[in-house]
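Visitor: Sequence:
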Amino acid sequence: MEYVDPKPGDLIEIFRLGYEHWAVYVGSGYVIHLTSSRDSNSKAMVKMERLSHVAGSDNYDVNNKHDSKYPVRSPEEIVSRAEMLVGKKMEYNLFTQNCEHCATSLRYNVTPCDQVSALFVDLDRFLVVPVSG
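Everything in the sequence shown is counted per the UniProt record's numbering, starting at 1 for the first residue and increasing by one.
Honestly, the hints are just simulated from the structure, not real lab data. Source: prediction; values computed, not measured. Any given hint might turn out to be false.
Said to hold, decoys possible - The calculated DSS-like cross-link candidates involving lysine-lysine, where the alpha carbons are at most 27 Å apart (straight line), are:
#, residue 1, residue 2
1, 7, 65
2, 69, 7
3, 65, 47
Work the whole structure out from these sequences, hints included.
Guide: Listed below in structure tokens is the structure:
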């Protein structure tokens, strides 16, 4: 896969098996992302790491998918806000505070999460049970 060169402030979508991991590109090959804590299911930490390390062998792409829907902060503000979070432990919740929420809130100041929305749509398809009377 050919990768687009990300610019500071871009959202990076990393394609894992079964889900996507999200990060914010901050320049010089580094991203800032929310990653789960090894010692807790409900805690996560914000880390700054090389994009190549975070992606590993998985494909990734720049995906600023909500740029036409929400106001975008300046690249400098996105990077500055992201850097302030590095090293902080945060609550982790798949539905309300995950890596996609963290990344999108830095870029847009809102927390849309399409993965969770898609999960509910998929669950809804399986949970609808026809009732005959």
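Visitor: Each hint: holds or not?
Guide: Hint check:
1. At roughly 15 Å between alpha-carbon atoms, residue 7 and residue 65 fall within 27 Å of each other, so this suggested pair holds.
2. For the suggested pair residue 69 and residue 7, the alpha carbons sit about 20 Å apart, so the restraint of at most 27 Å is met.
3. Simply put, residue 65 and residue 47 have alpha-carbon atoms about 23 Å apart, close enough for the 27 Å limit, and the pair holds.
When the structure is compared with the earlier hints, no violation turns up for any of them.
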